[in-house]
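Engineer: Please put together the full structure from these sequences, using the hints given.
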Amino acid sequence: MNALELVGVTAGYGPYRALDEVSLSVPDGGIVALVGPNGAGKSTVARVCAGLVVPTEGRLLVGGDDLTGAAPWRIARAGLASVIEGRGVFARLSVAENLELSFGRWLGPSAAATALERTFDGFPMLAERRTQPAGTLSGGQQRLLSLAKVLGDSPRVVVADELSLGLSPAAVEDIYLQLRVLHAAGTALLVIEQQTDRVLGLADRAVVLDRGVVAFTGPPDGASPVVRRMLGATATPDSLAEPVSPA
Amino acid sequence: MSTFLSYAVPGIPFGCTYAIVAMGLVLTYRTTGVFNFAFGSQAFVSAFTYTVLIGEGIPTWLAFVIAVVVLAPALGWVLDRFLFRRIAATNTTAKLVSAVAVFVALPQIVLLMFGSATRFSPPPLFLDAGRVYLHLFSTPINGLELETVIMTAALVLVVSAVLGASRFGLTVRAAVESPRLLQLEGVRSDRVLSAAWMGSSLMAGLAGVLLVPQYPTLQFNNYAILLVAALAAAALGNLADVQLALLGGILLGVVEGLASGYFSTSSVWHTGLLPAIPFLLLAILLVTRGRLRALEDTEDPLAGSDPPPPVPIAVTRSAELDRVIKLGGRALAVAAVVSVLTWVPGNWAFTLTAGVVYSIIFLSITLVTGMSGQVSLCQATFAGIGAFVAAQLAVHHGVPILLGAVIGALGAMVVGALGALPALRLRGLPLALLTLALALLADNAVFPYSWAGGPASGLNVPRPQIGSINLATTSSKGFFVLALLVLIACVIGVKVVQRATVGRYLDALRASPLGAESVGINPSAARVFVFALSAGLAGLGGALYASLQQSINPADFNYQFSLVFVVVVVTTGVRTVEGAIQAGVSFVVVEQLLSYLPGRWGSGGLAIVLFAFAALTYARHPEGVVEFQKRLWTERAERWLGLGGRSDRIVEMATASTGTDRDGPVA
Amino acid sequence: MDPLPERDRGLSVVSVSVRFGGIAALEGVDLVVDPGEIVGLVGPNGAGKTTLINCVGGQLVQSSGSVWLGGESLDGLPPFRRARRGVARTFQRIAVFPELTVREHLFIAARARRRGGARWSELVDRGRPDPDESAEIATTLELVGLADRADAAVSTLPLGACRLVELGRALIGRPTVVLADEPSSGLDARERATLATVLRTLPAQGIGVLLVEHDLPMVSLVCDRVVVLHVGRVIAQGAFQAVMADPAVRRAYLGQVA
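Protein chains in written order, with our numbering: chain A, -3 to 243; chain B, 9 to 675; chain C, 12 to 269.
Keep in mind that the hints were calculated from the coordinates and are not lab data. There may be inaccurate statements among the hints.
Simulated restraints, written as ranges between beta carbons of each label pair [said to hold, decoys possible]:
#1 B:ALA533 - A:LEU173: 49 to 57 Å
#2 B:HIS404 - C:VAL72: 44 to 52 Å
#3 B:ALA533 - C:ALA149: 22 to 30 Å
#4 A:GLY197 - C:GLY82: 44 to 52 Å
#5 B:GLU328 - C:SER145: 29 to 37 Å
#6 C:SER84 - B:GLU643: 54 to 62 Å
#7 A:GLY10 - C:SER145: 30 to 38 Å
#8 C:ALA215 - B:GLU643: 45 to 53 Å
Not close to chain B: a few residues of chain A, all C-beta gaps over 12 Å, as computed [claimed, not checked]:
#9 ASN(-2)
#10 SER21
#11 SER106
#12 ARG114
#13 ALA123
#14 GLU124
#15 ILE171
#16 ARG176
#17 GLY182
Heads up, the beta-carbon is just placed ideally off N, CA and C, and yes, glycines get one too.
Structural biologist: Listed below in structure tokens is the structure:
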């Protein structure tokens, strides 16, 4: 059974296309790494999974249910937890309130309190700042908080975009450790990363995206050379980003 | 001491009326994220319904249930469903303008439906208004006053309970910040916000009905004044703290009570300062309180999921079409001018002249809101300064009206620059509130004097005399040509500034103040410059307006006009100079067309309602209705004609300043 | 006793402390960036790196201590005045002007950063660069590798290119010091390489750089010196290898016990 599946998804923003018939799947309890150069459409995949961008073609399945075009809250209730790139926290709520908001949804009051304490044990940095508004945290700390929000309860599948963006080496270490724990508890993972080596070590499958299409699907070992070739192939550093007419 | 108390104590019940509205404002702001100007109008709608129902002989309790428990939440639901839900949580300008649109339109709708006949207020809900129930420090307290205080206390309990309810309160606060992010937690944020709107609207209805007996007759103006006065009380609570808002309201009532007691009725203070106290207080609070300054919307963390903001279509359309449209536009303009000068009947020529004059005033909004991205709610005040200066100089000192208009414009410019100084550190909502406070200060403490706004009966303003041509006697068509020339000069002036280095600085400041300052742009200088120039334009337009009308009185430039102006221009298209002219012309043309309708439908209220309804589309298309239609038709034309528009170069964006990145395009 | 820096030096931060409410974000931080020197500023999340940069850029006012540039105090100056004196910066969450082209970004920066501030002619000129500015813009476009897309609206560029636009905007007008706040964040391997190349050309022009980075290969590649911040204090500084071998740094930052 697949926890998450994209079937022939085409999506974009207004008139501009970012994904072209992308298919990928994350089996229950599996870890899939999604890598590729900037502008390849990785973040759009994350947004499609979260329901923030609705595909113009293709289907989105969560736990086998077709949720194409469903509102984000419906997808979240189907067991998919999203960590969007950038700031994924409520800046005006305190650290503890951010966590309570997440945990309280799914768990009873006492279980939520336990999850909260467990999270603070795992992230002492957040515990020190539990009453501070999340907006006053540094960029990296906000990132940690948005990850902590999905790590506390055990969703069916987690989609994490730009997992280690802006995190110190020690924090990256911590996050990967926590992901392993989460995975051991049965949660499937779709991890989108810029730092390919690390995530390919964690995953049991890899998908490489390039300019909106899937360039490679297979074992992680096979992905590294593909990515390296992709980044090395074109000489100018920014030719990737060349503006192109929408299809 | 006893004199002090005898002045202060009667201020408490009246302060409670401020407090009720102030708490409602705070509650709405905290639970919906919208600073709801419409609160006053929502209160008026319930009050009006209640009064009408009682007039029909329906029992008080039933009228109360219908007006407050049924109608008010329904209105809140409608506002959320069809207007505010469609506005991005981070778009301060859109939220502000939409709330202002509802504020001006709702009472007009009610009056169109029921007529504006005088309606006397029914007695208080459960106490006898005239009977003295108790003495406080030997000051008699009557039933009306006592009831107000009791009701205020009851409301405090209700509001505190709602905001204190931890789980719901938490969800609501999250929904206000980012409905989409909350959805990712599996919460139906649309329902949360819908409930919040219904709750806040219920509060508005309750406040409206409670306030009915305060005034002998039911008038919207009382509610409008109450709303803006309550702003000061809410500001004392940083627009966030209900208890402080309550305290602020009562304090304001007491201060007013003391002032009206100690200043003799004939003194300048009594006539000038007393009505201005709330607005003076609001202005001072906005400028001095750090927490109010910081009252800006946080960025939407999910902005990266949105399509890039549209660029004005004039920039992106294909070169061929651009030529055709520009040529066509000019031909149309020339045809219109020739028509006015030849066959158009006198009343329509007058209307179109007014349209040209309004265009000049509206250009000032293009500068402030379109170019510098701020909302100013005092443009009519600047127009008034220009008009009154020109008129007073002409009437009392024999200065030619055109020279007077220039002096008036310069005067408005100086006031604009001075007014911008305290506003330097403000942006967004606090700045808009400050401009509103300034407008109300002028309305209450300056314009009513006969040396400023002239006698209440009006000032007779001459038409200009150029050489031997007297524009009053020849025909109004001469004035049309004059106004047109001034408009063209202003348009050229604005376009020059738009294109100049300063225009680029303003673009930068609007897009990212942080980034602009980091490269050395002085935001204060740019702000003062824009405000001064825009005030000057408005002043010039105001002076021409006065001369066109040939008679003006103090109420011709009150704050409500500022609100209507902003709604009209922003919903039409605030980013382009053309938008201002289209707004000016359509504003008068719609009004003139509607004046052919029978009875109250032709009275002008309908025009305001129509422009406010345009705000519904505006919520979806923040670039303005006309701009949106232009884009739609341009794109269609390009498709039909097979022209490659330049729009295809606009690919998605790494959403500046929110730092979230959007994936690149696909070949 | 007097910590007054020498006149010809670059940036000096002298015992700067910042407190938010009761919480100390920076405590007595001293830091020097000489002209032509690239200093890496690293540390765990929340150590105060961006806070320090904001104090230098003027976006934040420190509670105590002072900031000097070229022997002159920057204290009390608003950000735009510091920019004109030679402090340039980039932002962790990019702050570009979406509707403007790359060239317009550089033009605005070149003109606004000019010493002496605004002139009246800026109200009525045509908003075009003069020959000197044009030459400078062309050089900068070449440097950051955006020459081929100079006339594209920045809203059409992906994040990586936007970061380069910010860097170009910071570099134009030859600042004394550039504060780069996680410039490689969100860039892919190739874009990082471009960034590193650009940064390494700066010392030759006498520009000092304070680089906040988590990308340690990048730091080791471009930085002459590294300063480690932890809970608002400098816990180590020196050459990259030596600093990274420090047990305290390993514990706090690298997450490994030596």
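Engineer: For GLU124 of chain A, is the shortest beta carbon distance to chain B beyond 12 Å?
Structural biologist: 21 Å, holds
Engineer: Verify the CB-CB distance for GLU328 of chain B and SER145 of chain C against the hinted window 29 to 37 Å.
Structural biologist: With Cβ atoms ~30 Å apart, the hint holds.
Engineer: In terms of Cβ atoms, is chain B entirely out of 12 Å range of SER106 of chain A?
Structural biologist: 15 Å, holds
Engineer: Would you say the C-beta atoms of GLY10 of chain A and SER145 of chain C sit inside 30 to 38 Å of each other?
Structural biologist: With Cβ atoms ~34 Å apart, the hint holds.
Engineer: So the hint says 44 to 52 Å: do the beta-carbon atoms of HIS404 of chain B and VAL72 of chain C match that?
Structural biologist: Given about 51 Å between the Cβ atoms, the range holds.
Engineer: I want to verify a distance hint. Is the separation of the beta carbons of ALA533 of chain B and LEU173 of chain A within 49 to 57 Å?
Structural biologist: 52 Å, holds
Engineer: Given the hint of 22 to 30 Å, check if ALA533 of chain B and ALA149 of chain C actually sit that far apart at their C-beta atoms.
Structural biologist: 29 Å, holds
Engineer: Kindly confirm whether 54 to 62 Å is satisfied by the beta carbon distance between SER84 of chain C and GLU643 of chain B.
Structural biologist: Holds, at about 56 Å.
Engineer: So the hint says 44 to 52 Å: do the beta-carbon atoms of GLY197 of chain A and GLY82 of chain C match that?
Structural biologist: Check passed, 50 Å falls within 44 to 52 Å.
Engineer: If we take the beta carbon of ILE171 of chain A, is the closest beta carbon in chain B still more than 12 Å away?
Structural biologist: 19 Å, holds
Engineer: Examine each Cβ of chain B, and state whether all of them lie more than 12 Å from the Cβ of ALA123 of chain A.
Structural biologist: Correct as stated: the minimum Cβ-Cβ distance to chain B is 19 Å, above 12 Å.
Engineer: Confirm or reject: ARG114 of chain A is not an interface residue toward chain B, with every Cβ-Cβ distance exceeding 12 Å.
Structural biologist: Label holds. Min Cβ-Cβ 18 Å, cutoff 12 Å.
Comparing the model with each earlier hint shows no violations; every hint is respected.
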